[in-house]
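Protein chains: 2
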Amino acid sequence: MNALKPQEYIDGILSGNRMLLSRAITLIESTRQEHQDLAQEIIEACLPQAGSSIRIGITGVPGVGKSTFIESFGNYIIEEQDRSLAVLAVDPSSSKTRGSILGDKTRMETLSNHPKAYIRPTPTSGSLGGVARSTRETITLCEAAGFNTILIETVGVGQSETAVHSMVDFFLLLMLAGAGDELQGIKRGIMEMADSIVINKADSGNMEAARRAVAQYKNALHLFPPTESGWQPRVTTSSALENKGISEVWDIVDEFIRHTKTKGYFDKKRRKQANYWLNESINQELHNAFYNNADLNASLTTYRHRVQAGEISSYKAAKDLMQLFLDTTD
Amino acid sequence: MNALKPQEYIDGILSGNRMLLSRAITLIESTRQEHQDLAQEIIEACLPQAGSSIRIGITGVPGVGKSTFIESFGNYIIEEQDRSLAVLAVDPSSSKTRGSILGDKTRMETLSNHPKAYIRPTPTSGSLGGVARSTRETITLCEAAGFNTILIETVGVGQSETAVHSMVDFFLLLMLAGAGDELQGIKRGIMEMADSIVINKADSGNMEAARRAVAQYKNALHLFPPTESGWQPRVTTSSALENKGISEVWDIVDEFIRHTKTKGYFDKKRRKQANYWLNESINQELHNAFYNNADLNASLTTYRHRVQAGEISSYKAAKDLMQLFLDTTD
Chain H
138 MNALKPQEYI DGILSGNRML LSRAITLIES TRQEHQDLAQ EIIEACLPQA GSSIRIGITG
198 VPGVGKSTFI ESFGNYIIEE QDRSLAVLAV DPSSSKTRGS ILGDKTRMET LSNHPKAYIR
258 PTPTSGSLGG VARSTRETIT LCEAAGFNTI LIETVGVGQS ETAVHSMVDF FLLLMLAGAG
318 DELQGIKRGI MEMADSIVIN KADSGNMEAA RRAVAQYKNA LHLFPPTESG WQPRVTTSSA
378 LENKGISEVW DIVDEFIRHT KTKGYFDKKR RKQANYWLNE SINQELHNAF YNNADLNASL
438 TTYRHRVQAG EISSYKAAKD LMQLFLDTTD
Chain W
138 MNALKPQEYI DGILSGNRML LSRAITLIES TRQEHQDLAQ EIIEACLPQA GSSIRIGITG
198 VPGVGKSTFI ESFGNYIIEE QDRSLAVLAV DPSSSKTRGS ILGDKTRMET LSNHPKAYIR
258 PTPTSGSLGG VARSTRETIT LCEAAGFNTI LIETVGVGQS ETAVHSMVDF FLLLMLAGAG
318 DELQGIKRGI MEMADSIVIN KADSGNMEAA RRAVAQYKNA LHLFPPTESG WQPRVTTSSA
378 LENKGISEVW DIVDEFIRHT KTKGYFDKKR RKQANYWLNE SINQELHNAF YNNADLNASL
438 TTYRHRVQAG EISSYKAAKD LMQLFLDTTD
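Respectively, the protein sequence lines represent chains H and W.
For the first sequence, this note's numbering puts the final residue at 467, and the numbers step up evenly by one.
For the second sequence, this note's numbering puts the final residue at 467, and the numbers step up evenly by one.
Derived from the structure by calculation, the hints contain no laboratory data.
Among the hints, a few may not be true.
Chain copies aren't distinguished; within one or between two, either way the pair holds.
Claimed, not checked - PhoX-like mimics (lysine-lysine), calculated; alpha carbons at most 25 Å apart, straight line: (1) K381 x K253; (2) K409 x K456; (3) K453 x K406; (4) K406 x K456.
Kindly generate the complete structure, drawing on both the sequences and the hints.
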């Protein structure tokens with residue numbers, strides 16, 4: 138498929154050509170080395186044109202109505218705010234949650250046919266680290282292609298929320314009224330990450346329960362230590378079905394962006410995130426250099442057995458192995 | 138203080154000399170290189186004599202009555218089970234929880250004066266990684282000194298439970314009746330680690346609430362996927378104050394040990410734990426080798442700035458830095 142030259146992809150992306158954007162993202166997700174090399178060249182060229190979007194993470198357990206919410210919210214962002222939108226997903230290979238996320242594009246019928254929206258389904262496989270990296274790189278390309286709003290969807294039941302939280306400006310948690318925290322299966326730490334909690338499916342017949350849930354979550358959020366920027370996470374309701382409360386969610390995002398930009402916290406957070414991903418990338422490189430070192434394989438196995446047999450401490454074994462590693466790189 | 142030769146420590150520990158055991162543990166906790174070197178020599182010599190104890194982790198938030206429980210439970214283990222006991226704590230530097238843990242030895246008055254018990258207060262500082270390592274090394278020395286039961290206490294509000302869970306055979310969670318999960322501030326993942334939940338302070342006037350709590354936690358535990366060994370976590374009550382339910386907790390531990398030993402899972406878990414700590418130690422060594430590399434400092438700073446400025450991807454920066462790192466180790 139890659140009969141094209143790097144510059145053709147780059148020019149195509151920068152001019153907003155979706156077909157070339159999609160093909161470049163496919164290169165990012167490929168495991169073939171020549172695809173990876175090509176993808177990296179494209180990414181590095183697009184980086185200077187990236188970074189100017191608002192990045193929003195959206196999480197919630199299956200059944201909370203993420204797809205319907207994103208359909209309503211996305212249409213509002215495009216139609217009423219006159220913005221352009223890319224919708225991505227982080228959902229590392231998990232047979233449990235498969236199908237609950239963007240894979241089924243038809244759930245977002247209006248949005249997926251909108252000329253100002255770009256929806257990219259979940260990569261179908263890969264480790265969290267791999268998916269997180271390809272999502273960050275996809276953000277770069279989408280921004281370079283001119284999309285100024287990025288929604289990143291994830292299922293709020295695993296480790297992927299931390300990864301998504303580390304790549305977005307604003308983190309939104311969708312919850313349901315009337316279901317206990319326990320029943321909703323949301324991990325406790327996730328609530329602490331939320332810049333806003335939206336009680337979804339707050340339809341006409343359900344408003345009383347939704348209002349109670351708002352009060353409860355407001356109370357719960359007050360128990361958490363204040364955020365660095367001083368932002369107090371907002372709790373609100375929405376009914377994607379009845380198209381209610383959607384503009385209010387955008388108002389919260391907008392207020393948050395203005396709040397954090399005024400205080401310089403917006404850029405500070407982006408720099409911290411860049412730093413975080415640099416550290417993660419370095420860890421990954423170190424890990425690969427060590428564990429893919431063929432000269433070390435036999436020693437590693439021997440030491441592993443000795444540690445498991447209680448003959449040597451893990452600390453001493455690691456010291457010895459490190460010395461061997463440094464010797465092999467001479 | 139270290140006027141002694143390594144062999145003097147080793148002989149002292151193996152003969153059960155507590156004073157030398159304590160001094161060796163102090164070496165483990167020291168940050169001075171010569172103390173560390175000496176400690177490592179002692180640990181490696183003691184390793185072959187270690188490993189034959191039952192290691193029990195005990196967690197619960199401040200106020201749940203951990204110290205009083207350990208006092209009762211410890212005395213029962215010594216007096217009724219004719220075992221010897223070392224009590225350690227993992228509580229990495231946290232001003233929030235300070236004082237709630239073994240620092241205050243007087244809370245365990247009987248136990249701390251018992252000839253068959255050894256209580257080691259929490260190290261007063263250090264990162265979680267450092268404290269976890271020194272605790273594992275302290276376990277080794279205590280086992281080599283002849284203690285056949287090790288209790289490791291931790292406060293169930295942070296990251297330290299995962300570390301403790303990775304160094305014990307049996308993980309016990311203390312809870313209170315009548316306080317919601319939320320109020321008790323226990324992290325969700327911790328309940329999943331528990332081999333047993335003990336509703337503490339189940340005193341005479343409180344039995345009804347305690348029984349309800351038992352039923353609730355039993356239900357909750359059934360929602361978790363089955364453990365690898367097939368062990369179904371037990372829920373029971375205890376009143377350290379009235380010295381009730383203590384022998385039942387030991388019976389659960391005993392049943393668990395027999396269950397897992399019969400199935401070979403006991404040793405399998407220990408091997409997995411050894412493996413885990415080897416991997417952690419290797420990560421730590423790689424991290425140190427990279428970040429303490431003086432030749433790399435300037436480049437790391439430059440790349441960090443470039444990544445934060447969006448001039449280069451974190452992936453490309455990490456690749457370049459890795460090459461520089463490997464070049465400096467030539």
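| Hints violated by the structure (listed by number, smallest first) | none
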